[in-house]
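Undergrad: Listed here are the chains, written in short residue letters.
There are 2 protein chains.
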Amino acid sequence: MEKTVLNVQGMSCGHCEKAVKSALGELDGVQNVDVSLKDGKVEVEFDSSKATVAAMKDAIEDQGYDVV
Amino acid sequence: MEKTVLNVQGMSCGHCEKAVKSALGELDGVQNVDVSLKDGKVEVEFDSSKATVAAMKDAIEDQGYDVV
Numbered sequence: 001m002e003k004t005v006l007n008v009q010g011m012s013c014g015h016c017e018k019a020v021k022s023a024l025g026e027l028d029g030v031q032n033v034d035v036s037l038k039d040g041k042v043e044v045e046f047d048s049s050k051a052t053v054a055a056m057k058d059a060i061e062d063q064g065y066d067v068v
Numbered sequence: 001m002e003k004t005v006l007n008v009q010g011m012s013c014g015h016c017e018k019a020v021k022s023a024l025g026e027l028d029g030v031q032n033v034d035v036s037l038k039d040g041k042v043e044v045e046f047d048s049s050k051a052t053v054a055a056m057k058d059a060i061e062d063q064g065y066d067v068v
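Top line first, the protein sequences correspond to chains H and F.
Going by the UniProt record's numbering, the residue at position 66 of the first sequence is 66; the numbering climbs one at a time, nothing skipped.
Going by the UniProt record's numbering, the residue at position 38 of the second sequence is 38; the numbering climbs one at a time, nothing skipped.
Everything labelled a hint here was simulated from the structure, so no lab data went into it.
Model, not experiment: these values are computed from the prediction.
Careful, some of the hints might be misleading.
Because identical chains share one entry, a pair is satisfied inside a single copy or across any pair of copies.
DSS-like, lysine-lysine: derived pairs with alpha carbons at most 30 Å apart [stated by the list, open to error]:
1. K18 <-> K57
2. K38 <-> K18
3. K3 <-> K21
4. K18 <-> K50
5. K3 <-> K57
6. K41 <-> K21
7. K38 <-> K3
8. K57 <-> K38
9. K41 <-> K18
10. K21 <-> K38
Use the sequences and the hints to build the structure in full.
TA: Rendered as structure tokens:
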């Protein structure tokens, strides 16, 4: 299991948190997602044989947020 | 048909806008809802024989926002 922290801009409320969590949760290999709205950070635990950070970025950007 | 403008605090993003619109839209007698996120204003056209402003406030507060 690996861990990465993504910096995400534009998450403003609990709905945004849910949208990001849910989009990441749908990716194969993603085990756990922690969102800090205040810090704009998303911590993801994942199986690197299945999930990629690039796919996570895509999933977040598809929800309308920027990964910086 | 009547019109009222509610001042709503805490709406921060498109998800919030949708949540408020949808909660108001479920009320009997509500015809049209316009949300301005920037101004924190929600304009509602409604049939006053069916819908009340009190019910609208309740519906918005149930979504987690304050009507001031």
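Undergrad: For each hint, tell me whether it holds in the structure or not.
TA: The hints, checked one at a time:
1. Within a single copy, K18 and K57 get their C-alpha atoms as close as 16 Å, and across copies as close as 24 Å, so both meet the 30 Å cut-off.
2. Taking the shortest Cα distances, K38 and K18 sit within 30 Å of each other both inside one copy (14 Å) and across copies (22 Å).
3. Taking the closest pair of Cα atoms, K3 and K21 come within 30 Å of each other only inside a single copy of the chain (15 Å); across copies the shortest separation is 38 Å, beyond that limit.
4. In this assembly of identical chains, K18 and K50 lie within 30 Å of each other by CA distance solely inside one copy; the values are 22 Å within and 34 Å between copies.
5. Taking CA atoms no more than 30 Å apart as the test, K3 paired with K57 passes inside one copy only; the shortest distance there is 14 Å, against 43 Å between copies.
6. Taking CA atoms no more than 30 Å apart as the test, K41 paired with K21 passes in both settings, with 12 Å inside one copy and 29 Å between copies.
7. In this assembly of identical chains, the alpha carbons of K38 and K3 lie at most 30 Å apart only when taken from the same copy (20 Å versus 36 Å across copies).
8. Both within a single protomer and between protomers do K57 and K38 lie at most 30 Å apart by alpha-carbon distance, with minima of 19 Å and 28 Å respectively.
9. Proximity of K41 and K18 under a CA criterion of 30 Å is satisfied in both settings, with 14 Å inside one chain copy and 24 Å between copies.
10. Taking the closest pair of Cα atoms, K21 and K38 come within 30 Å of each other both inside a single copy (15 Å) and across two copies (26 Å).
In summary, the structure agrees with every hint in the numbered list given earlier.
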